[in-house]
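Asker: Once you've looked at the hints, dock chain W against the given chain L.
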Amino acid sequence: MVELLDSDRHLAKVDVAGVRRNINILLLEDEGVVPGDWVLIHVGFAMAKIDEAEAQEALETLRQMGQAYADEVRAVLGSQIA
Amino acid sequence: MRFVDEYRDPAAARALVANITELAGDGHYKFMEICGGHTHTIYRHGIEHLLPTSVELVHGPGCPVCVIPMGRIDDAIAVARTPGVIFTSFGDMMRVPGSSGSLLGAKAQGADVRIVYSPLDALRVAADNPDRQVVFFAVGFETTAPSTAATVLRARQDQVTNFTIFSNHVIIVPPLRAILDSPDLRLDGFIGPGHVSTVVGQRPYRFVAEEYAKPFVTAGFEPLDILQAIAMLMTQIKEGRCCVENQYARCVTEDGNQRAVAILDEVFELRPQFEWRGLGFIPNSALRLRAEFAQWDAERRFEVPGVRVEDPKACQCGEVLRGVLKPWECKVFGTACTPETPIGTCMVSAEGACAAYYNFGRLHREVAVSMGGAR
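Those sequence lines, one after another, are chains L and W.
Sequential numbering from 1 applies to the first sequence in the numbering used here.
Sequential numbering from 83 applies to the second sequence in the numbering used here.
These are computed hints drawn from the structure, not numbers from a lab.
Honestly, I wouldn't trust all of these hints.
[As the list claims (entries may be wrong)] Covered stretches of chain L, as calculated for chain W (at least 3 residues, CB under 8 angstroms):
| hint | stretch |
| --- | --- |
| 1 | 20–30 |
| 2 | 38–46 |
[As the list claims (entries may be wrong)] Partial list, derived from the structure: chain L residues whose beta carbon lies under 8 angstroms from chain W:
| hint | residue |
| --- | --- |
| 3 | Glu57 |
| 4 | Gly78 |
| 5 | Gln80 |
| 6 | Ile81 |
| 7 | Ala82 |
Since we're looking at a predicted model, the values are computed, not measured.
From the three backbone atoms N, C-alpha and C, an ideal C-beta is built for every residue, glycine too.
Chain L with its partners taken away, still in its complex shape (with noise of 0.2 angstroms):
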């Protein structure tokens, strides 16, 4: 997570493979999510805090992937959450 953008409508901008993109903080708003947090991301929302680890190997899984990865970036990149 880079930079909490308006907490009133729960948005925050992310990084994803690069490219920054904005994402829905309301579910994880009991746990507080900070700059520099990993965060698991499913349809444009932030679903559960990771550790770097966890994130990195995800990361690492879906790019082996192949196409599959390419898919998922390009989807999360059409997205124009705001």
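Answerer: Chain W only, in chain L's frame:
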């Protein structure tokens, strides 16, 4: 990539397999994984062929695309064809066949069907097109349903009136119970779903151990996660224990994400009945919007035919989803039914057992056969 290597270390894998083999001894054990992500990992890494013949994995109804019955696809297409509607969907639902074509086909014939990454993107489409009715095709287990619920709350807060949800959200426990009650499957335990459990936690699975006396271990998505979960299941059996354990503690907690569960409960209620592909009608197994959110419910705003369609005779997705048949045992697998021209849902989604096996598993199996290790 030190972190990844830790979860893929061949020596660790061999040690786990040796442990599983020793625990299984002369017995024969059958475990079901109920998460499409696990099915994908198992076929991708050939885990079935690492395991001794005494341990068999069967694939359950954990792929959200796979469990949607044809009738709901037909309903979605009927809504998508309604004049003035923009119909939005996740990409993996586009090619799922209904009784007369898919959403992709409807789009080719002129319906305004758009792929979105998030329900929030669908809401954005509604805000950008105030003269049109925008419908979001909501599918998925408890992993995805909180996102839909949060989007409905956002629509209410922003007073978006041209946005509705066609809810096909389902929950994990009722099909589990249906499988446990099914007479044609003898299981010795379950590999529990990873991402669903980040939301619901571990408590909802206790009935599996307490009422059905089956061990249950929630697992992560790396090959070693799966192997370790199997070793934990075998250990429970050998020690005469039976409980819910968590192999995926780095993401899943006992209580799950209480905020997500609360939002789900605020927006959704249980449907009395919902049809599952291969499992038939299961009571209290799916979610619909509560009456106070009727304004955002596509089934109340549009004429939804609600037809029930039998699965194609040639297709055996039902047996595959119940773990009774392996993908390659289906009559049309890899011939009439392929990822390019799917007949059944299990061949459409990357998490479907048939697509995962078609893309990866059959190669592992061919190698295993050539080495005399046919299963």
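Asker: If a hint holds in the structure, say so; if it doesn't, say that too.
Answerer: Hint by hint, here is what the structure shows:
1. 20–30: holds (count 6)
2. 38–46: Check passed, 5 qualifying residues.
3. Glu57: 5 angstroms, holds
4. Gly78: 6 angstroms, holds
5. Gln80: 5 angstroms, holds
6. Ile81: Result: holds, 5 angstroms to nearest chain W Cβ.
7. Ala82: 7 angstroms, holds
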